[in-house]
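Trainee: Residues in the sequence shown are numbered consecutively from 1, following this note's numbering.
Think of the hints as simulated: they come from the structure by calculation, not from any bench.
Be aware that a few hints might be false.
[To be verified] Straight line, CA to CA, 20 Å or less: simulated EDC-like cross-link-like pairs of lysine to aspartate or glutamate:
1. K112 <-> E81
2. K167 <-> E75
3. K112 <-> E163
[Claimed, not checked] Derived DEER-like restraints, expressed as beta-carbon distance ranges:
4. Q13 <-> K112: 13 to 23 Å
5. R28 <-> S101: 17 to 27 Å
6. M128 <-> P29: 31 to 41 Å
7. H11 <-> K112: 16 to 26 Å
8. W58 <-> P29: 29 to 39 Å
9. G166 <-> H21: 29 to 39 Å
10. P29 <-> S101: 29 to 39 Å
Just so you know, even glycine gets a beta-carbon here, dropped at the ideal spot from N, CA and C.
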Amino acid sequence: MTLLLGPAEAHWQDYHRYTAHQLPPVIRPWLLDSGSLTQRLLKASLGNFSVQVLRQCWQRPRLSEQQLLGMQAREWAIVREVALRCHGQPWVFARSVIPASSLRGHLRRLRKFDNSSLGAMLFSDPSMQRHPFQLARLPGDSWQLPAPLQQKEPLWGRRSRFELGGKPLMVSELFLEAFTP
Numbered sequence: 001m002t003l004l005l006g007p008a009e010a011h012w013q014d015y016h017r018y019t020a021h022q023l024p025p026v027i028r029p030w031l032l033d034s035g036s037l038t039q040r041l042l043k044a045s046l047g048n049f050s051v052q053v054l055r056q057c058w059q060r061p062r063l064s065e066q067q068l069l070g071m072q073a074r075e076w077a078i079v080r081e082v083a084l085r086c087h088g089q090p091w092v093f094a095r096s097v098i099p100a101s102s103l104r105g106h107l108r109r110l111r112k113f114d115n116s117s118l119g120a121m122l123f124s125d126p127s128m129q130r131h132p133f134q135l136a137r138l139p140g141d142s143w144q145l146p147a148p149l150q151q152k153e154p155l156w157g158r159r160s161r162f163e164l165g166g167k168p169l170m171v172s173e174l175f176l177e178a179f180t181p
């Protein structure tokens, strides 16, 4: 079952609801890999990798993000949107949602994260736990993508809830047309 949605929010589903033939062969292993996407991109690009911060601000997350994170409707979060670039091309659009309640203690450093990779920090934290993936297929011109990253073709994406020291955050990653590992 493949759903393409218009202006509504993406329809995220647990990864096991998809069969192997429903996922494009080129990105299937990337969608389902539980390791660090940053590390895979570094390897695939032979180190020609960078993080371009598109936006980082306080806002109320989307409804499905609130639900995934167990947030109340009026709770705020830091939302960070970045382009993960390989060989100068945007390969992945990533959106991170970090609830205000998670930004205490040693996680306060996430308030100002500059052009560093969030993935590198997540996977180096021994307390990190990753919940199972959810996948979605979105129109390339989805309102959920910043204008400079709008695409012609539909996009596949994944998202996960992470916990660091029991505090939740979410990362979603959309594989863009320029993605050529």
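Trainee: For the pair we were handed, K112 and E163, check the Cα-Cα distance against 20 Å.
Mentor: Holds - the C-alpha atoms of E163 and K112 are around 19 Å apart, at most 20 Å.
Trainee: Does E81 sit within 20 Å of K112, going by the straight-line distance between their CA atoms?
Mentor: Holds: K112 and E81 sit about 13 Å apart, inside 20 Å.
Trainee: Sort out whether E75 lies within 20 Å of K167, counting only the CA atoms.
Mentor: It holds: about 15 Å lies between the C-alpha atoms, which stays within 20 Å.
Trainee: When you take the CB atoms of W58 and P29, is the distance between them in 29 to 39 Å?
Mentor: At roughly 35 Å between Cβ atoms, P29 and W58 fall inside 29 to 39 Å, so the hint holds.
Trainee: Lying within 16 to 26 Å: is that true of the beta-carbon distance H11 to K112?
Mentor: 33 Å, violated
Trainee: Kindly confirm whether 31 to 41 Å is satisfied by the beta carbon distance between M128 and P29.
Mentor: Because 21 Å falls outside the window, the suggested range is violated.
Trainee: For P29 and S101, compare the CB-CB distance with the range 29 to 39 Å and indicate the outcome.
Mentor: 34 Å, holds
Trainee: Measuring from beta carbon to beta carbon, are R28 and S101 in 17 to 27 Å?
Mentor: 35 Å, violated
Trainee: Does the Cβ distance between Q13 and K112 fall inside 13 to 23 Å?
Mentor: Taking Cβ atoms as reference, Q13 and K112 lie about 34 Å apart, which means the hint is violated.
Trainee: Does 29 to 39 Å hold as the CB distance between G166 and H21, or does it fail?
Mentor: Between G166 and H21, where Cβ atoms are some 38 Å apart, the hint holds.
Consistency with the previously given hints fails for numbers 4, 5, 6, 7, ordered from lowest to highest.
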